[in-house]
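**Student:** Protein chains in written order, with the working numbering: chain V, 1 to 349; chain P, 1001 to 1343.
Among the hints, a few may not be true.
Taking beta-carbon pairs under 7 Å as the criterion, some of the chain V residues facing chain P (in silico) [stated by the list, open to error]: (1) Glu56; (2) Gly230; (3) Ala233; (4) Leu289; (5) Arg294.
None of these hints come from the bench; they were simulated from the model. Cβ coordinates follow ideal geometry from the N, Cα and C atoms, glycine included.
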Amino acid sequence: MILAQSSPLRPISANGPVLELKNLGVAYGRGAASVQVVHDVSLAVERGEALGIVGESGCGKSQTMLAALGLLPRGGRITSGQVLLEGQDLVGRSPRQMRPVRGREIALISQDALTSLNPAMTIGKQMAEPMIHYGGMSRSAARQRCTELLDLVGIPGAAARLASYPHELSGGMRQRALIAMAISANPKVLIADEPTTALDVTTQSQILRLIDSLRKELGMALILITHDLGVVAGVADRVAVLYAGRVVETAETETLFAAPRHPYTKALLDSIARIEDDVAERLNPIPGLPPDPRNPVSGCAFHPRCEYSREICRNALPILEDGTGAQHPVRCHVDPFVSSSLRAVGGAR
Amino acid sequence: MNTPAIQLKNVSVRFPIRTGILRRVVGEVHAVDDISFEINEGETLGLVGESGSGKSTTGRALMGLAPLTAGSVACFGRDLKQLKLASGALPRISQIVFQDPYASLNPRMTIGETLQEVLEVHGLAKGRDAKQRVDMLLDDVGLRRDLAERHPHALSGGQRQRVAIARALAIEPKFIVLDEVVSALDVSIQGQIVNLLQDLQRDRKLTYLFITHDLSIVRHVSHSLVVMYGGQVMEKGPRKSIFAAPLHPYTSALLSAVPVPDPKIERMRPRIDVRSEPPNPLAPLTGCRFQKSCLFASEICRSERPQLQSIEGHDPQHLAACHHMREPRVREALSRAARGALS
Ligand SMILES: Nc1ncnc2c1ncn2[C@@H]1O[C@H](COP(=O)(O)OP(=O)(O)OP(=O)(O)O)[C@@H](O)[C@H]1O
Ligand SMILES: Nc1ncnc2c1ncn2[C@@H]1O[C@H](COP(=O)(O)OP(=O)(O)OP(=O)(O)O)[C@@H](O)[C@H]1O
Ligand code: SF4
Ligand code: SF4
Ligand SMILES: [Mg+2]
Ligand SMILES: [Mg+2]
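Only chain P is shown next, with the shape it has when bound in the complex:
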């Protein structure tokens, strides 16, 4: 395989916490802590994890919107820092679409004006040309052309999300960060957007980072997966291998918590419980970040941070960070929970 489209190496993002009138720095939020992963061109990487685990911060870091405290990011072979310096270079490569397009669309501009502005700002088209391009963009995302006249408030959530995608596509980027883009939509409509994104990917060889807490959607869209907890990567690898046999207790807990729309299965299946103690990003734990919620935690989990490793008999690209993942009792419990979710 040639160089990946997107490559993160040991990336950390910390935010200062300030108090008082002097805005003195009294501590740091460890939002993202030493994570590495790669996305191949034309593929989708699904980034999952609970609220506050650092998913959006990772996405924003990739867009140059959150400062890297440590580590490096390469987009299509070029370093993010250089791309940021060359004006306009980064947006031509990478775009981001957020969960709530309502907040990011100008309420006073019509959809047509919003799209036209993007084209003009980036010097891609002007005047009549731009109008024509807007029509084509609306076609691309499956919106009627006459919606160009409307303001965002006169559109449904699904239609607004299509506009946000059209706006990202306008610049013809190669990579798009999709941050919870279907989470706020009805299931009946989610599929429309997911299918659209997959069609666009196929036609244009687009690379996606798909951020979500919905594991069922991730299974549909992604080629590979990264599971985050407390700012760190707990497990990553090819989608198939992870869904076939999750190695990390947290991934397994996530899988067993997804409600299955079948009453017979939903009521019977075994679950891996997590104790509800979300990690505190202000005072990160030594050892494994998941220790307080983990059923299998032991002494070593409290003292040593587990490293990402593969295990025999699984895809060598499939890595997880857990001290006890090789033990039969753990493997047995995890595979029972996974079977319950996937039966």
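Here chain V stands alone, though its shape is the one from the complex:
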């Protein structure tokens, strides 16, 4: 059991995962006012692998990653667990010790990155600054590198674009520039938090393909955070599903879509409007709302919305178990071995 909790993903390969979160917990406030927003999350990515993280708004996707990078805002703290970068624990490191890690080892494209670009500074300056300050590059070398990077992410006329201000670029171009900044120090892990949510579909599709090809070219591990299952379907090798601050299921992407085991994953897949569906069909939303971490739900956090919920679900927290040994751990009291019957019941809905 303990084993399943601490390494719920595939067995550690010869060189091990490049980034691994073990039993990570995050809370805000102290004492009676303390609110736990991430519980006991374990995840791992290997070199060159793409891990998708999906879940509804507020389920803790961003908090998990901010915690891993030591970027939790004031009031937030890590309550448990480890963040292992090639086996070295990052938890407890000072901001000063974390600085060389961020950007160089692990890069983050944060959820609000598009709005956090400095509107008064040219793209070139924003890109070059950290290279000069932390990378010890000369001004002209940094400039050269920036041009190469913008070229790499498909911005036409890269050299001229260095002089542009953010507002002079379209949303898609700005996102490309942000990606260029994120990969500028050749990180081992790229974390992209909702990198396409603000973009329209044609631009989204281009950006996703860009991220995917860069990952392959540069051999980076990728953690792609999104609430859009269509987005992970195209890019991720494996997917972790979060609900109310906990991992409830992880599996190879194809397996997850073809044979989801957790009732929440299944409900999430059923709720999507599919372009191949025709009009008269009603959508199948999940009833109710995800819980507010200030009022945690007893037992399985999904029980008020779960159509398979039983007595035990209200009282006991299910553990994340890989009952089948197929690297497909699930956090549910309904025995994963009878998941085929579970799906059959669900299909009749």
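Assemble chain P with the ligands onto chain V, guided by the hints.
**Tutor:** Structure of chain P with the ligands alone, referenced to chain V:
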């Protein structure tokens, strides 16, 4: 068919660009450029297109919130200009609901107070009567009555969107513009709102303009479709016909960009690429607005604006504006991309 509920004829909306202390007009944004379409009573028209293509401006023009530079709008047989002059007449017919209801709900008023105010302003109910109506409105949109006591910040995004819908319904309009009303919500919750809107439409014969960039949702809700690009209509017609076989390269590009939640299909399917060059509304191109992003663009595309036309073998109501849409190589490429998206 009798007269449509909503009818736009050759509508253009331009915004002046001003600079300097004197606010001198130095140019114009061609936000909407000569568009026409109709919506039948009790039906939904889906309006899609990329960011900046003029969707919201079209919706606002229908509500009298953006000035028409040219063209005319008729709502239920009455001219928009006349409706605007008769005080209170337009809101009794048409309402609009926005993407971010948080911005449009007064944070200092409870939900109950907000709804009650709407009823009182329009002289629909007062005092105890109004309170009762508020309860009924909350029932209608599937919110618990006790939420009337809450302030907007204490509601979830989905709940706030229900309140915004309740506020629009309070006036018992016949037509509602829904501008990206589910775009900010989780997929799990989007369906709740979409189903609610469809139930309300069925019960009350409501007419909707459903603005969105999400083609999967549009396929679920709309009877007909208008695809905009750079302020112009690229394609329009019955939903079935457009999804069965898009005629315009841009529609096809949109379809092939929608991520399909199935890893096998998503990784294999062919795509129609668009080059990323969004149109510049300050300096509109002559010819086809889509020319810079189009794989099939030729000389004529740069010189002549293509007109909306039907093509043989398709629903005669299904129109698209493309010089090359009849050519076999184009039809072949488009249908391959559409099959990829819809398989
Ligand atoms: N500064 C904060 N103080 C207190 N609680 C916070 C803070 N930031 C986030 N939270 C809470 O932590 C929980 C997890 O938030 P998080 O941002 O990780 O969600 P998410 O899964 O990224 O959602 P989204 O899809 O909306 O980005 C939420 O309930 C949120 O309200
Ligand atoms: N009040 C205004 N003044 C000047 N320009 C405007 C105004 N409103 C809209 N525009 C411009 O008109 C064009 C169309 O904008 P509109 O908001 O209608 O696009 P949209 O299709 O709704 O885009 P989105 O999907 O991003 O909401 C844009 O170029 C926009 O910048
Ligand atoms: S533990 Fe119970 S409530 Fe939770 S997902 Fe499984 S069946 Fe549903
Ligand atoms: S008219 Fe020309 S540029 Fe425009 S969509 Fe057709 S082929 Fe492309
Ligand atoms: Mg987030
Ligand atoms: Mg808009």
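**Student:** The structure should be examined with respect to each hint, and the outcome stated for every one.
**Tutor:** Hints, verified against the model:
1. Checking glutamate 56/V against chain P by beta carbon gives a least distance of about 4 Å; that is within 7 Å, so the hint holds.
2. Given hint, glycine 230/V at the interface with chain P, holds; its Cβ is 3 Å from that chain's nearest Cβ, closer than 7 Å.
3. Taking 7 Å as the C-beta cut-off, the interface hint given for alanine 233/V holds, the closest approach to chain P being about 4 Å.
4. Here the hint on leucine 289/V is kept, as its CB sits about 5 Å from the closest CB of chain P, short of 7 Å.
5. At about 11 Å, the closest approach between the beta carbon of arginine 294/V and any beta carbon in chain P exceeds 7 Å, and the interface hint on this residue is violated.
Of the numbered hints listed earlier, the single one contradicted by the structure is hint 5.
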